[in-house]
Amino acid sequence: MNLKDFAKKQLFDFFIITTCVNFVMCIMGMTFAADTQLSYEIMIYPPLYGLFGTIPSWILYTKRELSTRQLIIRKILEFLCLEVLLILLTFGGGNLRKENAPIIASFAVSVLAVVGCVNVVGWIFNNRQAKQLTKELIQYQNSF
Amino acid sequence: METKIIKIPEDGTERVVVECHRETPTVNAIVRFVQSMNRSIRGELNESEYEIGIQDILYIESVDNRTFLYTADEVYRVRERLYELENMLLDASFLRISKGVVVNLLKIVSIKPALNGRFAAVLTNNEEVIISRKYVPDLKKKIRGDIG
Numbered sequence: 127m128n129l130k131d132f133a134k135k136q137l138f139d140f141f142i143i144t145t146c147v148n149f150v151m152c153i154m155g156m157t158f159a160a161d162t163q164l165s166y167e168i169m170i171y172p173p174l175y176g177l178f179g180t181i182p183s184w185i186l187y188t189k190r191e192l193s194t195r196q197l198i199i200r201k202i203l204e205f206l207c208l209e210v211l212l213i214l215l216t217f218g219g220g221n222l223r224k225e226n227a228p229i230i231a232s233f234a235v236s237v238l239a240v241v242g243c244v245n246v247v248g249w250i251f252n253n254r255q256a257k258q259l260t261k262e263l264i265q266y267q268n269s270f
Numbered sequence: 326m327e328t329k330i331i332k333i334p335e336d337g338t339e340r341v342v343v344e345c346h347r348e349t350p351t352v353n354a355i356v357r358f359v360q361s362m363n364r365s366i367r368g369e370l371n372e373s374e375y376e377i378g379i380q381d382i383l384y385i386e387s388v389d390n391r392t393f394l395y396t397a398d399e400v401y402r403v404r405e406r407l408y409e410l411e412n413m414l415l416d417a418s419f420l421r422i423s424k425g426v427v428v429n430l431l432k433i434v435s436i437k438p439a440l441n442g443r444f445a446a447v448l449t450n451n452e453e454v455i456i457s458r459k460y461v462p463d464l465k466k467k468i469r470g471d472i473g
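Residue numbers (the working numbering), protein chains in the order written: chain A, 127 to 270; chain B, 326 to 473.
Quick caveat, the hints were computed from the structure, so don't treat them as lab data. Predicted model, so just to flag it, every value in this text is computed and none were measured. We put the CB at the ideal spot given by N, CA and C, even for glycine. One or more hints might be untrue.
As the list claims (entries may be wrong) - Some chain B residues near chain A, calculated using beta-carbon distances under 10 Å:
| id | residue |
| --- | --- |
| 1 | Val341 |
| 2 | Gly425 |
| 3 | Ile433 |
| 4 | Ala439 |
| 5 | Gly442 |
| 6 | Ala445 |
| 7 | Gly470 |
Claimed, not checked - Chain B regions said to be covered by chain A (calculated; three or more residues, Cβ under 8 Å):
| id | segment |
| --- | --- |
| 8 | 406-419 |
| 9 | 455-466 |
As the list claims (entries may be wrong) - Below, a list of computed lysine-lysine pairs in the BS3-like style, where the Cα atoms sit at most 30 Å apart:
| id | chain 1 | residue 1 | chain 2 | residue 2 |
| --- | --- | --- | --- | --- |
| 10 | A | Lys135 | B | Lys329 |
| 11 | A | Lys189 | B | Lys465 |
| 12 | A | Lys134 | B | Lys465 |
| 13 | A | Lys130 | B | Lys459 |
| 14 | A | Lys134 | A | Lys189 |
| 15 | A | Lys261 | B | Lys465 |
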């Protein structure tokens, strides 16, 4: 993938992550701190997580073609980096304590859910494009 | 377009005649296809050499600087480099879909999504070959008739 295509994919992922983080923050907030009053400052967090969430994707960037095996390994590495980065970002300021384990675990599962959502949405878009390509390919084959 | 098959004696020369009002992309595609049917590539299998008609080729792959040609039943080793075969088959229904693979578009049954924004082409023998994102614009151009 060239840099332009990669940047487009990053932008696409950024918006999906930001949307998903909104939902996750809403669900986690209502579950763990339903009475908490928040300021407007909270609105900066979804795009911030979206931004940090796309950084580990650079692990996947390369000009050469990766085999499926190499890609799977890089995808796993990307996910691990993402978990570590976001947990440190959220709980790094002294909140990485044993008593916070349930909320940290929930957070880690939420990150997994968002990663899953991003991949599913990406797959839906690609599937639509693949169906269109198949349709055009059959027309091409029929012209012979 | 009306089609007609006329059977001729065994000693006669087989030929295809296209009668048309003008040369359209469809007419040219028919001509290219008929011409391509006569072409073959020399391949090696079990120390014997074979002529493989290009209509029987599923795809051609380059692995460690060696080129292999895949049909439904066999895998042949060929002397030419992948880019040489790509150029040779440019006017036929062949297209490069990744750094190491040139595929026969007439042997693709469907295209489906693969990992990380790539696509996979499912061939007539159910084998799958990866289409890199880089080559998707070329694929679109080829099947829409914008190139070769």
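What hints, given by number in increasing order, does this structure fail?
1, 8, 10
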